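*Asks:* Starting from the known structure of chain U, fit chain V onto it as the hints suggest.
Number of protein chains: 2
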Amino acid sequence: MNYVSRQTLERLPVYLRFLKSQCIDGPINTSAKTIAEALSLTEIQVRKDLAAISDGGKPRIGYITKDLINDLEDFLGYKDVNDAIIVGAGKLGKALMSYKGFAEYGLNIVAGFDTSDEAVGTDEEGKPIFHLDRMEELCRRMNIRIGIITAPADYAQRIADKMVKSGILAIWNFAPAHLEVPDNVLVRNENMAASLAVLSKHLSEQLMNS
Amino acid sequence: MNYVSRQTLERLPVYLRFLKSQCIDGPINTSAKTIAEALSLTEIQVRKDLAAISDGGKPRIGYITKDLINDLEDFLGYKDVNDAIIVGAGKLGKALMSYKGFAEYGLNIVAGFDTSDEAVGTDEEGKPIFHLDRMEELCRRMNIRIGIITAPADYAQRIADKMVKSGILAIWNFAPAHLEVPDNVLVRNENMAASLAVLSKHLSEQLMNS
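As they're listed, the protein sequences go chains U and V. Heads up, the first sequence is in our numbering, so the first residue is -7 and it goes up one at a time. Heads up, the second sequence is in our numbering, so the first residue is -7 and it goes up one at a time.
Only chain U is shown next, with the shape it has when bound in the complex:
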């Protein structure tokens, strides 16, 4: 497996989406220049990123679009299906559970967990929501490796500990909390507070300049 930097890895899905949006009635070939211009990146950046995951780029011709899409999907693992569970079956948790777009990225949320007895049952799509006590057993049995946290921040660390104990290797954390995990476990923070800080800062600068 080729090593790619975190920054490159985060750009790959953006290339993939652009290529797919072009593909229906687009040209058979795509150049790094076209991609770079469409996505406001430099051509060198695009070339370098794509070289790590595809050997399809040819001088003058560029990339065969469908082959590059294929290479990207292969590399990103979108063809494998990763089963995941979610802890915290509140509004956000349920919204993610029922979001059909994840299938495109190979993510399949099989069940939700919550500590509230009221939440236990099934969601609107019929996916099961269990009591948190049953998480470890279910994760072990189904070999679940991805856990999503949509619980309040105060519970996030305890949930993460429980996930690690259940054999989970990658945690997608929507709670605004810093999590401590062993080295072999990856935490990806969906840091909404950071996003809000960036937005609000931009706003105050724009309003001061106007």
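In case anyone wonders, no lab produced these hints; they're calculated from the structure. This one's a predicted model, so the numbers in the text were calculated from it and none came from an experiment. Heads up, a few of these hints could be off.
It does not matter which identical chain is meant; a pair holds if it fits inside one copy or across any two.
The calculated lysine-lysine pairs, modelled on DSSO-like cross-linking and capped at a C-alpha distance of 27 Å, are [what the hints assert, rightly or not]:
no., residue 1, residue 2
1, 25, 40
2, 58, 154
3, 119, 83
4, 92, 50
5, 119, 92
6, 193, 58
*Replies:* Frame of chain U, contents of chain V only:
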């Protein structure tokens, strides 16, 4: 206003959350070292970040915790309330509309918009959902500067164009689409596809090594 880098700006809410979690029964003072250790950062990094937004750090004493919290909240604009609108009143849109945690960050979502007549009405909390045709008028009248996009990717650019026309200066984009906007408008992408790529890559590496 002090200039801080995007990276620093994204860490500031994390410092704030940590300090607040300490504050109830914690010490009156906090050192950069304590913060660094708790958040797995280097002390130099923490010192540098905090120097940009507070002049409260003293040798041997560190920071007065409540003053530092105050400086962070001031700088991040959490004390000002920013009104926002959201376009795309599906599950994710409604989840964000009803999420009470945003108030802590000074974000107040005043209304939702959708093109589907079925979506128009009020959400569970009684917040109004209007037809998209009314967005410009409402944004102009209420001086709305922040727009949130939770619509499908194919509509995202058209919505962004409409937002720009409505006077919006900062767009929080949850649609997996690249948006073109004028220079004075900031787009913050909540790139879930990138997160999934990072998680899935880590997983396949871990499983290959085991």
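*Asks:* Each hint needs a verdict: does it hold in this structure or not?
*Replies:* Quick rundown of the hints versus the structure:
Taking the closest pair of Cα atoms, residue 25 and residue 40 come within 27 Å of each other only inside a single copy of the chain (12 Å); across copies the shortest separation is 38 Å, beyond that limit. Taking CA atoms no more than 27 Å apart as the test, residue 58 paired with residue 154 passes in neither setting, with 42 Å inside one copy and 33 Å between copies. For a Cα distance limit of 27 Å, the shortest separation of residue 119 from residue 83 qualifies both inside one copy, at 15 Å, and across copies, at 15 Å. In the homo-oligomer, the alpha carbons of residue 92 and residue 50 never lie at most 27 Å apart, since the shortest distance is 36 Å inside one protomer and 52 Å across protomers.
When the C-alpha separation of residue 119 and residue 92 is checked against a cutoff of 27 Å, the pair qualifies both within a copy, at 12 Å, and between copies, at 25 Å. In this assembly of identical chains, residue 193 and residue 58 lie within 27 Å of each other by CA distance solely across copies; the values are 22 Å between and 41 Å within a copy.
Checked against the numbered hints above, the structure breaks hints 2, 4 and satisfies the rest.
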